[in-house]
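Engineer: Please dock the two separately framed chains into a single complex, following the hints provided.
Residue numbers (our numbering), protein chains in the order written: chain A, 1 to 481; chain B, 482 to 620.
Note that these hints are calculated values from the structure, not bench results.
In this text the structure is predicted, and so the values were computed from the model without any measurement.
Be careful, since some hints might not be right.
[Unchecked claim] Simulated restraints, written as ranges between beta carbons of each label pair: (1) B:L530 with A:H409: 50 to 60 angstroms; (2) B:E590 with A:P187: 37 to 47 angstroms; (3) A:E416 with B:P601: 46 to 56 angstroms; (4) B:F560 with A:R352: 44 to 54 angstroms.
[Said to hold, decoys possible] Computed list of chain A residues with no C-beta within reach of chain B, every gap over 10 angstroms: (5) T42; (6) Q73; (7) R168; (8) H170; (9) R243; (10) T283; (11) G315; (12) Q326; (13) G344; (14) G350; (15) R369; (16) S394; (17) V397; (18) D428.
Note that the Cβ used here is the ideal one computed from N, Cα and C, for glycine as well.
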Amino acid sequence: MPGGTTSPGGTASSGGATSPEGAAAPDGGQAARQTVEAVWRTVEAVWRIDAARIVGALARFTGDFALAEDVAQEAVAEALVAWAETGVPRSPAGWLLTTGRRRAIDAFRRRSARDDRYAQLAHQLTEGQASSGAMVPAGRAALDGLSAASFTPTSHQDADDLPWDPDRVHDDVLALMFTACHPVLAPQARVALTLRVVGGLSSAEIARAFLVPTPTVQARITRAKKTIAAAGVPFALPPAEDRGERLGAVLSVLYVIFTEGSTATTGDDLLRPDLAFEAIRLTRMLVALLPGEAEVHGLLALCELTAARFPARTGPDGEPVLLTDQDRGRWDRAAVRRGLAALGRASTVGGRGLGPYGLQAAIAACHARASSVAATDWERIVLLYEALGRVAPSPVVDLNRAVAVAMAHGPLPALEIVDALAAGGHLDGSHLLPTVRGELLTRLGRTAQARADLEQAARLCTNARERAILLRKAAALPTPP
Amino acid sequence: MPKFMLIMRNTDESFQQMISTPFDEMLEKVGRFNEELIHAGVLVAAEGLDDANQGVVVDYSGETPVVTDGPYGETKELFGGFYLLEVASKDEAVEWARRMPSIPGSKCEIRRVPSIDEFPQDNEWVVRERAWRERTGQL
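Here chain B stands alone, though its shape is the one from the complex (with noise of 0.2 angstroms):
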């Protein structure tokens, strides 16, 4: 079964408003999507990033890698979080997108992952990855 990311990007605006939405609220909206998935089979992963002003960046537009701190300045979109599902086709995890709890202003993009048995099985870091993801279930 295909797994897809939906991946959320907010904006500056939509991160003030998300922040200052009561707390309770906005874990009973995102729990009752969460339960959602879970009922339904589909969800094999999920994951919230911190404040992107705690983050740093690493621009690599110079010689040497240049890291600046968060946030990103000129960037508009600030990727804020994922989920990882295991759905049937693309139409599927769109149709979840749809109902994710949203605010105003915030995206989400949905992109297949695909498998490591996609790629190339005798390239030696292909291999070693394998094992890797043998080793520790993240296949």
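Next up, chain A with everything else stripped away, as it sits in the complex (with noise of 0.2 angstroms):
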């Protein structure tokens, strides 16, 4: 909305030297010193956008994920102390990479009593910072035999310039989006852990985002550098017969985190925005370093058409609102257009038609392209259903297909697909059947049955907000005579 609007963002940094921005003169000498809380918010600013880079950095350096974690946590919280009385670098991240290698070197020496490998490493590595302070062409990884052409020295550029090489660091970001995603470890432990070291995110922040404790978080995250070390998991790009698969891993984790964004599993709150929109992130930022990978492209897609209809998923008061209600004018058109730009590529890079993520957006696609439920392409839904159902079989996605098929023929053909799933019993004890089930016995008028099914969903069902509505519409139905 042009002009007209005082937003908190514009007058708050009247504050002067109490906010970060007071910070970003520096070199005037006036070291200001900062409130600790401007500083932290600094910190965390800068850690979410450099995290990956400065953890995949370390790591690289020395070829121990565990250890570029923890060196790359300690960093942080020296920067804390050490902005609030100097103020913030020039470089924060070069400032935060430096501190992560030097306390990594002194784990290497801590480590080197017990072990002459790591005493050599430690040597080695500090004459390499005494020479060239650059980062130095060793690592565990060169000791242990492997090529150290993969260590070659950074800093050969500007002093203004990136604390990374430009080219190298990307590779290390997505060789830590494979390690976090790694499938050694458990599904939870890749989503805490892509969001800490990928995402920037603090464990209490991704606690908060879970409903889980923080200690549970920091448990699962320990637990998971742990089981990386003991698995012997290299920091690497995965060898090119694994790299398929290893990409399906992590586009399944950033698929979890936006889901558990977009309908949350547990608590009060259908949406929890940040989350989604941070998936939407990591994903963006896997498509810059994997634009030829068309189910990179199909994950974004379904992910920004699907936040697209946040604002039009809630009502006033929080309670879900459901497509068929959902008023479309609220939808977010620019997600929709990034949505079907996105869907575009997918379908052009690589050559192999759609993969199961590229197949849900050109899903997602016919509803954000549709005016109205009466409107949408009901028959192509079916078929891009139909097309999953054969490229990723599932329950859920014939329950889908069932929910199509009501809209496109009616009812009848649906209830009898969804009556083949219950027989199978592939989806007991999920609230969804049921819920499907309670909806098309409804429209055919087998009240009795319908407010059975709506009642067992609403039993099944963790969401409290998608509860209350399941309640709703089996109250709602008409009483036998």
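Structural biologist: Set out below in structure tokens:
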């Protein structure tokens, strides 16, 4: 909306010395002592931007992912103290990286008391630092006989340039994503580790997002780092033959984060938009790193098109509004446009057609393009669900196909699909099947059965908002004569 | 996710210094910064403005608007262009601004961009603007 608004962002910086902006003018000698809170906010912002590159660079430097994460956290803790005294350094990322490297060398020295290899390594690293001040060709991997070519020095640029090699850093961030989403880790651990090291979120933020205590997240991350070390997972891009599968694991973690944000499985709120947007940000990062992978574009398209509906998905009291009842005027059209563009790329790059994420995005695109439920191309959606069922068979896909069939051809053929699913017992324990069955039976006028299904769905549903809707629908059914 | 506009503001002196910088060098610096924003997944839009000498100023201080040629005369700071970023916080927007290639003397102002959702949705003009935004994908 042009003009006329006074936003909080426009006035808050007038605080001067206490704001992080005050520290942005350092070279004039006014190392204004900042409040702890302002420094904390600056460190948090720097960390969000640079966490992946810092941890990635440290992991390559040390050849030890767990150590890299530890020393990066130490560097952050030191920054909170040091920057409050001296102001924010000109290159905050460079400061954190240098500090992290020093702590890594300290750690190698401590370990050298137990192991000669580390003594040799600590010596090499220290010499390298003293002679060039740059990242040195060393690391445990070099000692272990791996290629030293991946440890070339980085800081051959001007002082005001980035602290990392702009080409190398992309591989480091990518390797970091693959490591955090490694199949040796439990799914929850992959999610926590990805948000922490790639997204730059604190354990407390991750805990808030998933409604678990902070120590639970910390324990998951600690365990995950131990698992990676114990399994001897190298900090590297996966070999070509594993790449497809490993990329699938990364995409699946990003999608889990997104879906938790777009349909919270627990708690009182249906949406946690911050978490969903974090997943979108991470997916955009991955798109920039792997522009030739169709499914990465497909996932981005799916997330953008789903997030486009967020403004219309909840009512004034936070209650969910179903697709049928959404005010499509509230959909975020810029997100729709970005989603459709990503879908276009998903169908053109790679030349293998749409994968599971791309197909789901294509379904979301049918909704995004339609001005109403009635104007939706349900026939096409049925076809897309059939295609999805072929590349990624799942009872949930069949259930969604049933919903689309109901819209395209009426509730009766849909009920046949649902009953076949129920007979297979695949979705026992999920509220989804009785929810859909209850809707179909309602449309068919079989109210007693409909009520039983909706009430069963409410019992099985873990989201308080969704449960309330199901109960309301069951209560609204006419009582049989 | 909130949107922030990073508004570049040059002075006459910093503008002169900018245009005397070798063009390739400037392109590389700005390009590298843009690449950072893209890789971080935060860039929504960015535009730079043509030479202020080519612009005009409409002055409302009199009874009727008076149109004069640019530059702005007494104005010390010239709006030069903007970035629109989608970031988690104002602090993150500030952090990006700290990294922007800059000329000594120039400034960058950071302002939150309110969403149309923050305006009264029953106002006729807001409804019309929203319709335009829907048609054109400007929401």
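Engineer: All the hints need checking, so say for each whether the structure fits it.
Structural biologist: The hints, checked one at a time:
1. B:L530 with A:H409: 50 to 60 angstroms: holds (56 angstroms)
2. B:E590 with A:P187: 37 to 47 angstroms: Once the Cβ atoms are compared, 44 angstroms apart, the range 37 to 47 angstroms for A:P187 and B:E590 holds.
3. A:E416 with B:P601: 46 to 56 angstroms: Given about 48 angstroms between the Cβ atoms, the range holds.
4. B:F560 with A:R352: 44 to 54 angstroms: Check passed, 47 angstroms falls within 44 to 54 angstroms.
5. T42: violated (6 angstroms)
6. Q73: The claim holds: A:Q73 sits with its nearest Cβ about 19 angstroms from chain B, beyond 10 angstroms.
7. R168: Per Cβ check, A:R168 is outside 10 angstroms of chain B; nearest 13 angstroms; holds.
8. H170: violated (7 angstroms)
9. R243: holds (20 angstroms)
10. T283: Violated, since 8 angstroms does not exceed 10 angstroms.
11. G315: holds (13 angstroms)
12. Q326: holds (14 angstroms)
13. G344: The claim stands: A:G344 keeps its Cβ more than 10 angstroms from every Cβ of chain B (closest is about 14 angstroms).
14. G350: holds (20 angstroms)
15. R369: holds (12 angstroms)
16. S394: holds (29 angstroms)
17. V397: holds (29 angstroms)
18. D428: holds (38 angstroms)
Violated hints for the displayed structure, listed by number in ascending order: 5, 8, 10.
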